[in-house]
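K.L.:
If you're matching positions, the sequence shown starts at 1 in our numbering and goes up one per residue.
It should be emphasised that the hints constitute simulated quantities derived from the structure, not laboratory data.
From the three backbone atoms N, C-alpha and C, an ideal C-beta is built for every residue, glycine too.
Just to be clear, a hint being listed does not mean it is correct.
Derived Cβ-Cβ restraints for the label pairs, each shown as a range [what the hints assert, rightly or not]:
hint, residue 1, residue 2, range
1, A313, E4, 29 to 39 angstroms
2, I335, A313, 18 to 28 angstroms
3, A384, P165, 28 to 38 angstroms
4, R86, R399, 15 to 25 angstroms
5, R86, L44, 20 to 30 angstroms
6, A111, R399, 28 to 38 angstroms
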Amino acid sequence: MNYEPLSGIRVLDLTAVVVGPAATWRLGQYGAEIIKVENPEGDLMRGLGGLSPTGQHAGAYLHLNRGKRNICLDLKAEGSAEVMQRLIAWADVIVANMRPKALVRLGLDPATVRAQHPEKVYCLLTGYGSDGPYGGFPTYDSVVQGAVGLPGLTMARDGAPKYVPLLICDHVVGEIAAGAILAAVVNQQRKGQGVTLEVPMFETMAAMVLQEHLAAQSFDPPVGPYGDQRLLSPHNQPIKTKDGFLAVTINTDAQVRAFLIATDRGELASDPRFSSVSARAVHVAEWFEIRGAPLLQRTSTEWLAVFRAADLAAMPIHSIESLSEDPHLTAVNLISHEEHPTEGRTAVLRSSIRADDGYLPTRSPSAPRGWDTRAILEELGFTAHETAVLVDQGAAVAR
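When you get a sec, could you build the whole thing from the sequences and use the hints?
P.N.:
In structure tokens form, the structure reads like this:
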């Protein structure tokens, strides 16, 4: 399968850690050519993401930076500015998640770049929108989680605030940024127009939370409290079975009847509190208590067979370890393996997206720091002597 709708689109990646690399990784999935600029110390995620054979390719870095060529530059060193100017001229799209003040100091901020290159698409990922009082504040995923109320939701449901044990804000905002960039590229290709995009993590995730949990407060006057009461129910939890837990969700009237019959509570199907969507919305607390009641008389495997026969949505609660061994994921070959240039045998996560009769192609492995520096400098027109000077001056790091 050779579906590459972004083939020929050049992306200059000035991002690090997760949110920016997630956005550019998605563009690479669609065939964009990406050059990642990394500082001499390396992307923080190379080590922060956990252990690796060399200490330089943590798993998260490995997966989020596939399909990207790597040039290593000290942007504060003499000589690097010329390299950056040529890279900007090369690119169709620039993506950055450096703090705005740092970009201004380096002359790489959107206003400066687009004053010289108005046709470019420049996407700046920020923690907080630049036009608000939090603009320029430092942030990380867990800080944004707290700021948008994710731990507050678990406190409302479970009595204690908890982070989602996944860099959920980084991933979600990265994907949304990739979508915004794709739309901008379409406009750029059709009309020759560039644009400056800003995608702030705080506002983006706050809007997502409020889409669900502004709820009855969406109306004037309000018709009820904040929060989707189904999701906030303390009974909205995995259902305990004889030997484990299951995830089960039932929403339609037909599904509710089937669930109650399958769990030997068929007499409740005619209870007016639970017989319709609107009735269950009024009696949400009672309904979720019934729905989440333990099913201790059978094993998870036995209950799954019952729910499959009733055509209900149910799955086992995987551990991190068992997820990678799931029979469906194994059958569709989500995980394969390859030899990495420095890390030995490594796992590869193929694209989850099918195009016609095949999945999007697997991209090249994530590159070691400075792996492509010499080749990229040559492509930008630097001679071997000029490259040697840049390396000697510390402006560039090359393998």
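K.L.:
All hints, please: hold or fail.
P.N.:
Quick rundown of the hints versus the structure:
no.: 1; hint: A313 with E4: 29 to 39 angstroms; in the structure: holds (35 angstroms)
no.: 2; hint: I335 with A313: 18 to 28 angstroms; in the structure: holds (24 angstroms)
no.: 3; hint: A384 with P165: 28 to 38 angstroms; in the structure: violated (49 angstroms)
no.: 4; hint: R86 with R399: 15 to 25 angstroms; in the structure: holds (20 angstroms)
no.: 5; hint: R86 with L44: 20 to 30 angstroms; in the structure: holds (26 angstroms)
no.: 6; hint: A111 with R399: 28 to 38 angstroms; in the structure: holds (35 angstroms)
Consistency with the previously given hints fails for number 3 only.
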